[in-house]
Amino acid sequence: MKFDQVMSSAGEWVRGEGPHHQIVVSSRVRLARNLRHRSFPGWAKKVERTQILEQIKPRVEELPEMQDSFSELLQDLSALEKQVLVERHLISREHAAKGIGSAVVMNRKQTLSIMINEEDHLRMQSIRSGLQLKSAFKLVDKIDSVLEGKLDIAYDQHLGYLTACPTNVGTGMRASAMLHLPGLVLSDLINQVIQAVNKIGLAVRGLYGEGTEAMGNLFQISNQTTLGEKEDEIIGRLTKVIETIIEKEHDARQVLILKKSDTLWDQIGRAYGVLTYAHAMTSKEALNLLSIMKLAVDLGAFAEDRRLPVDELFIETQPAHLQKTSQQKLNAEERDFLRAQIIRDRLKLFPKPDMDKVAREPISNPPSAPTNNE
Amino acid sequence: MLCDVCKCNDATVFLTQILEGKMQKVNLCDACSKEKGVQDPTGFALADLLLGIGAAEEIEKGAPTQKCPVCGFTQADFKKTGRLGCSACYITFSEGLGTLLKAMHKGIEHVGKLPQRAFRQMELTDKMRSLTDNLEKAVAEENYENAASLRDQIKQLEHEMAS
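Protein chains in written order, with my numbering: chain A, 135 to 508; chain B, 554 to 716.
Just so you know, these hints were derived from the structure itself, not from any lab. Each statement offered as a hint is correct.
Here are the simulated BS3-like pairs of lysine-lysine, each with C-alpha atoms no more than 25 Å apart in a straight line: (1) B:K560 / B:K632; (2) A:K191 / A:K136; (3) A:K243 / A:K272; (4) A:K374 / A:K364; (5) A:K374 / A:K333; (6) A:K191 / A:K272; (7) A:K333 / B:K659; (8) A:K216 / A:K179; (9) A:K136 / A:K216; (10) A:K272 / A:K284; (11) A:K180 / A:K284; (12) A:K179 / A:K191; (13) A:K191 / A:K276; (14) A:K374 / A:K268; (15) A:K491 / A:K393; (16) B:K633 / A:K180; (17) A:K272 / B:K659; (18) A:K179 / B:K633; (19) B:K659 / A:K374; (20) B:K659 / A:K268; (21) B:K632 / A:K180; (22) B:K690 / B:K708; (23) B:K680 / B:K690; (24) A:K482 / A:K418; (25) A:K394 / A:K491; (26) A:K364 / A:K268; (27) B:K659 / A:K364; (28) A:K180 / B:K620; (29) A:K333 / B:K655; (30) B:K708 / A:K284; (31) A:K284 / A:K179; (32) B:K632 / A:K179; (33) A:K136 / A:K243; (34) B:K680 / A:K284; (35) A:K486 / A:K393; (36) B:K620 / B:K632; (37) B:K620 / A:K179; (38) B:K655 / A:K364; (39) A:K136 / A:K463.
Same shape as in the complex, but just chain A (with noise of 0.2 Å):
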């Protein structure tokens, strides 16, 4: 499979059919695994590195779930592809400054990438549309259990799986899940959400993981620790939360509607007129008024159909996307022209929203500050 066709197919978690999809964009697991006692990638040499990658890599290819798979070394990718990659999460940005000696493998859906000598030797992870931590555990959980058998897997057990960082140790299984949460942004709430989640052991972080800016009201909420706990529970724990998050972000926008809606139209009106009439917008501009533009699909503001396009635009109009569709290097001033030309012309055919279609519904529970003790 060829990176154009990559491109050309966008993964499926973006069509967006999962469980809650309307606020969970995606579901993601991710096991790490090393080679028992060869230097993790970080301290090892070249030479060895490369050795390993030459043992790892034939062994991932003939997997199963790999037929017609996407597999290239690190070094054969241009940074503006790498730089795709890491826009459909479907390698880190730690693994796209990688060069000689890494690669990633990924299966014809895009909803499983294999990165190898990353941090770890094996960065095994699975994405899902929607809430679906359990299904993205259990291939990736299939995968590692075959692997296991063909490679010699760091194991101690006490310790569990071992890897370079100690944060990932035991099970070496980080589980996270992209929220989409205006309306919690909106009514000045998400930060409770944030400390709340915190104090209980649970990350989160922004649109590309550690130490990124939270844009398009886009949050990651993920486990923070891996040793002393089931891989099931640890899923269960972050299940359980995540829909207290959604329940409280639907109650925020029940809120929105009935307290607030002069605001709140006046948000989507402004968002779908300067999204159809801007002629330059920066790529968190476009994130963050795309964010309200879909929060006006889910109130029925437009039409279902509707829908796709904008989850579409939320990727398109990424800086490396955007370089790569057009063809040609583009400089920040050439790429927000651009941005605001393609989301024009997409949003050309929308009609206005229509804010007498927004259902309003009971709220489930009285809007409050959500309580540290859950």
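Once you have looked at the hints, place chain B on chain A.
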């Protein structure tokens, strides 16, 4: 009180997190708290911060001059990178790591997935060893009836191991 990160300015930001009943504290100066994103709650998680600060000190307690026999990694390298050298480092630096893991995780004992196949393979290898030993013995004793049956068992086991 000095800042835990730069260790030169006075700490003005005091953070406490209670995780699983354990209290963890970090003191930061104004500059470091901004740099670590403490004032922006979205990008901040205390555990990340604790890891960066506490990790090197904890491991020092264990093996001050030790080098990993497998990969040559030292504690100075850990201090620099926050990552270990290879899986054997977990044994080399086990003493210092124990405290660190305790502060970092929910428990200190892995309770999750076991590498099933590796485990099963180990059992099968043991079984194979005892069968071949017995076969040699049977042949030496010219007990061919027994040897034939052992040979069949070995064949079946070989088949099992290959699948």
